[in-house]
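Protein chains: 4
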Amino acid sequence: MQKVDVFRVPMSGPDDLTSFDKMIDEGTIVAEDIIAVMGKTEGNGCVNDFTRSLTTLVFANGLARRLGKSEKGVKESVAFVMSGGTEGVMSPHATVFTKKDVDAEPAKTKSLAAASGFTREFKPEEIGTTTMVDEVAKRVRELMEEAGIEKAEDVHFVQIKCPLLTSDRIQDATSRGEKVVVNDTYKSMGYSRGASALGVGVALGEINPDDVSKDTILSDWSLYSSVASTSAGIELMNTEIIVMGNAYESASDLVIGHSVMKDAIDIQAILDAMRNAGMDIDGLPSEEQHKRIVNIFAKAEASTDGHVQGRRNTMLTDSDINHTRHARAVVNAVAAAVVQDPMLYISGGSEHQGPDGGGPVAVILKKD
Amino acid sequence: MQKVDVFRVPMSGPDDLTSFDKMIDEGTIVAEDIIAVMGKTEGNGCVNDFTRSLTTLVFANGLARRLGKSEKGVKESVAFVMSGGTEGVMSPHATVFTKKDVDAEPAKTKSLAAASGFTREFKPEEIGTTTMVDEVAKRVRELMEEAGIEKAEDVHFVQIKCPLLTSDRIQDATSRGEKVVVNDTYKSMGYSRGASALGVGVALGEINPDDVSKDTILSDWSLYSSVASTSAGIELMNTEIIVMGNAYESASDLVIGHSVMKDAIDIQAILDAMRNAGMDIDGLPSEEQHKRIVNIFAKAEASTDGHVQGRRNTMLTDSDINHTRHARAVVNAVAAAVVQDPMLYISGGSEHQGPDGGGPVAVILKKD
Amino acid sequence: MQKVDVFRVPMSGPDDLTSFDKMIDEGTIVAEDIIAVMGKTEGNGCVNDFTRSLTTLVFANGLARRLGKSEKGVKESVAFVMSGGTEGVMSPHATVFTKKDVDAEPAKTKSLAAASGFTREFKPEEIGTTTMVDEVAKRVRELMEEAGIEKAEDVHFVQIKCPLLTSDRIQDATSRGEKVVVNDTYKSMGYSRGASALGVGVALGEINPDDVSKDTILSDWSLYSSVASTSAGIELMNTEIIVMGNAYESASDLVIGHSVMKDAIDIQAILDAMRNAGMDIDGLPSEEQHKRIVNIFAKAEASTDGHVQGRRNTMLTDSDINHTRHARAVVNAVAAAVVQDPMLYISGGSEHQGPDGGGPVAVILKKD
Amino acid sequence: MQKVDVFRVPMSGPDDLTSFDKMIDEGTIVAEDIIAVMGKTEGNGCVNDFTRSLTTLVFANGLARRLGKSEKGVKESVAFVMSGGTEGVMSPHATVFTKKDVDAEPAKTKSLAAASGFTREFKPEEIGTTTMVDEVAKRVRELMEEAGIEKAEDVHFVQIKCPLLTSDRIQDATSRGEKVVVNDTYKSMGYSRGASALGVGVALGEINPDDVSKDTILSDWSLYSSVASTSAGIELMNTEIIVMGNAYESASDLVIGHSVMKDAIDIQAILDAMRNAGMDIDGLPSEEQHKRIVNIFAKAEASTDGHVQGRRNTMLTDSDINHTRHARAVVNAVAAAVVQDPMLYISGGSEHQGPDGGGPVAVILKKD
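Residue numbers (this note's numbering), protein chains in the order written: chain G, 95 to 462; chain S, 95 to 462; chain D, 95 to 462; chain Y, 95 to 462.
Calculated from the structure, these hints are not laboratory results.
Fair warning: this is a prediction, and the values are worked out from it, not measured in the lab.
Certain hints may be false.
Each pair may be met inside one copy or between any two copies, as identical chains are not told apart.
[What the hints assert, rightly or not] Listed below are the simulated BS3-like cross-link pairs for lysine-lysine, each with C-alpha atoms no more than 25 angstroms apart in a straight line:
| no. | residue 1 | residue 2 |
| --- | --- | --- |
| 1 | 217 | 166 |
| 2 | 97 | 217 |
| 3 | 281 | 308 |
| 4 | 245 | 163 |
Work out the full structure, taking the sequences as your base and the hints as a guide.
Here's what the structure looks like:
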């Protein structure tokens, strides 16, 4: 039976493995069991954020040395998802997922289950299209099954890293007479994130596949997944997928729940996600309950109308600070206030991931 | 008997008086009664933030036209305090204070009382010194009395605008053989804010005047006021002071309370400030209770050790975004989540205003 | 006969009129003769740059007081064009244009001539369209005639301030069943600047009007004017136009010339513009020749391929600093190095104003 | 006899070795001969710029693989100096220095000579002190001799990477009862750069060692070296030094010259540096002469009075963009305009490296 563990590892810089190395040396984390690393790194989280590459490189190098593998070998068995931007009080860290088989009695209650994997590589002209939606949907369903998660409603967070278009990739498609979804490389990130999120929604029955077309991708914002969290990166042409949910087929001591924030200050949604994971909260969680939190995962973005609760904000008109940076600072602050801990995973850019201006929020708890 | 009213006025830009003009035209605000305007403007809140000047200019011009006064005349009777920086979801707005005499029965419970005034002009060499501390302390005590506030513990917020040093002012002092507190004009803002805050602390008995000296100003952070909020501006050589508290000698329908945030995510302090003002809160305030909030006033800053709740943040090492901008986004987000309204007055830079990394938070409520 | 004078006025802040007031008080500038003020203000030059409004406001207020006019009256007779962004060593300042009739002999050589005026107000649905191109072209031709400039080749700089779309304006058009050129308000600035520049090109015969259509505006970059400089602002619905050139019908002691920079470091184009105005330069101008410079006006922008002279730069991938800010710093530095004076008018965003990555550069000189 | 070669290697990102690898694979660069790599990386060049670490890491890893050495072994034989910040049109790249022994006739003219090495490790309490000055001076003299450079006036550029203080290092000194030069870790960078530059000045006889004391370091700006270029990094406790000059004992096809820019737009100093290296320039260099440029190395900084050529700039009052970023954009633009190539090494922060607001500029040329 699977046993999934999740470790939050503080980092004093994007190339700092001190805590990670210590946890391995002490036997807390078993290097061989690692299936995924999700990092919050301290760059700007936008185009020229190289802290994501640096952190991926040092983790992959470090694991390669420990496991006697090549860097490439490590990357084939471990999903690395780095999200840049630790605005406000957000604390840079990595979340390490391990998974192993254990002998155990069938459980009476569901516990955390997870599986990670990859789709096939996409051609440049497939990025951000319905083909991507279909491939992601197919792979999410397979990973659900692999994780032993029986029902769609037991899936609480699906983290995806997806490719983007570059000038070279556009050129490659064009030279073969193919057309890409958009010529602006920055915008291609949004298309790729959006199509990947729609794939999750289709896989979980949140979205009717008939509603997904060239005309609705990045256009019809009523179509969204409540558990998808996607981010685009330059270093891959396939998508990396981590499916998290609860299952009877799990000996984990953890459990996951989620909810959907309707805007950036939706504190009730954060509380609902905790309740959804089984925590009994009256008002705000107690100090005892704070200790049960393993991590919170949420998406943040500025609403397209520039308002929250009917009040104008300046996130979208600020030419000095990108709006995603403002949004991450806010969602992290609200969640940090609830759990009195700012070391949380809040990521920006949430096309088709929750409603306009809002986004999914998931919580992993230690079971009672 | 005094009646103090407080109006929150949305602004669609730093030169937008549309809502303000409408409230005057409709009779909601009486121009003649205005004693103070506190604005949150959408610049960077740092050195080169000219939105503060622009908003002051359009308000002063607008009132001059309505009152048949000169711009200078308006500025002598109305205290204008503009605080730049509306990071995250903070919504740009002005808070307008009016005060008038009304016939009324002696009240059974205390209500909002306020008075605004000015100290004498300071010489450059006095800025940031114990002389400034003494003058501010004296004037705060006078304004307390003028506002009919009987005890120091009934004072809940003292907003001060204070001068800073410029090259010309330093030159002036030097030419007379005098020495200024610091030659760096940016740092002089901190000294002026700090000395003004200590003046409030001395006036209210929070700080023993014997502890205040050249050596403790901007150095001994254990000395602080729990109700001072000070900001420095280039356009004055005296200090403008707005004292707010509760008094029996008030016919206002409002009441004020405060608490002290120990760090940027201290959500309990915000709830305590609301309780301190008389609101009975179980968990988080209800929707009905949200409607009683007139505004929240708080100071935000990064703690000097770069940590919140033991977790490292990157506010002080971020060379792209000033730490005060991060801090304001966080404190506003937490308070906005509590009251489900992001149009709040959160201001940065809190030397001797609350503990390191924290700051005062005050709430004005409509009475039950 | 017209006599046009041009004064460069240093500003110590966006609301500083000290030098301007002094020049009027000393009789150097005659307030009644002012036809235009072009300012370089120290904001970010992007969406949330309010230094432009502040400078316009203080100049208009100041002139209203001196001329006994209303602010509105001043704005009807003086064209105010404020360009934000003084990156690198660029020095904030205003360029004041005056014009008066003098008795004078017919000149033997051409001298600086200028005229400023306004088009009719545009409907929202006309902004950025061929209608705008046509109206601007018509008005530029009229102003040429008014300035006594005989031939298109004698026009050396046409500065235009043009409107942009806001949510309200789009709503207004939509409610009348009309369609605007683009729904993104930020992008509407580019359309308005581009259409205005094309209007100049059509007026001066640089562009065949048949080539201008819905499909070529902001799309066919081979269409451009070599003397247009346009910037968009929220405060108007018409366009303000200042035409500058040389004419026999002028008693001015100044002369203007121009050239086109093919990229941001095209130092030869700057020298060519000076030669075009009649300066005899061998290598770099001499100290004596520096004294003849009244001001340099140039447009700056990042080339869309992210390269200059075949070398990659990071202007377009920098998510911390807008590319227009980088570009202004560069063009100003190069021009400042040539004339050993960084107080120049370099403005960003040059759609259809010179080739991709380059832009017009004009120089006003004192005649020998 | 030594033969020194210098290669400019374009990089498409801070982790891109494509061009470098190609030059090695084609035999242009011999990996074994590399003595130093100086990189311009595309971060902000300030505290939180991690592109410097990333580039050092990928170069060291890449060389370790090729040379069959450990990463540590590579770092002991190759000096890596990464300077962040490619503002304006500056093009990210690395400059690779190789050195080998060749059989050659004694040369008739001097050619490029170079040597790189390290001082001993410093204790925290020695950083930024006269001890550092002395140690650097001693090592520079040794490296001069090692490079066969006979006279101080034949030294044209000395690049140094020096350590900085961290909280841990300060704590270490304090625990031993020692006092560090400054408790602010950011400011310690300036002290370390300044003391290192003074060490160069002392070694080359530019500065009288008796003038250097605790009181003049970072205080008496009249003391400076005209050839020192120093930058501080967290990853070392000694200093890495690269001395470049001209010597008869060199079979190189290159030659170096230098001059001192008195401000950021001192174009004549750039031309003087080229003349100093033996180029005969009339006005501006010709296209043929451009081809002889191997690279330009210069330091950039804002003058402390906020003025260039008597004109105010906003570099020091800009709270959105650090002044070093403005300064680099300007100096690069001016130099790039001269040589029509923006791929140059311009670095910020020049304490005791040239006069206030200016800095050294060196040029490496191919010999005629």
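We went through each hint and held it up to the structure:
Only within a single protomer do residue 217 and residue 166 lie at most 25 angstroms apart by alpha-carbon distance; the minimum there is 21 angstroms, versus 40 angstroms between protomers. Within a single copy, residue 97 and residue 217 get their C-alpha atoms no closer than 36 angstroms, and across copies no closer than 48 angstroms, so neither meets the 25 angstroms cut-off. Proximity of residue 281 to residue 308 under the C-alpha cut-off of 25 angstroms is found in both arrangements, the shortest distances being 15 angstroms within a copy and 23 angstroms between copies. When the C-alpha separation of residue 245 and residue 163 is checked against a cutoff of 25 angstroms, the pair qualifies neither within a copy, at 36 angstroms, nor between copies, at 53 angstroms.
The structure shown violates the earlier hints numbered 2 and 4.
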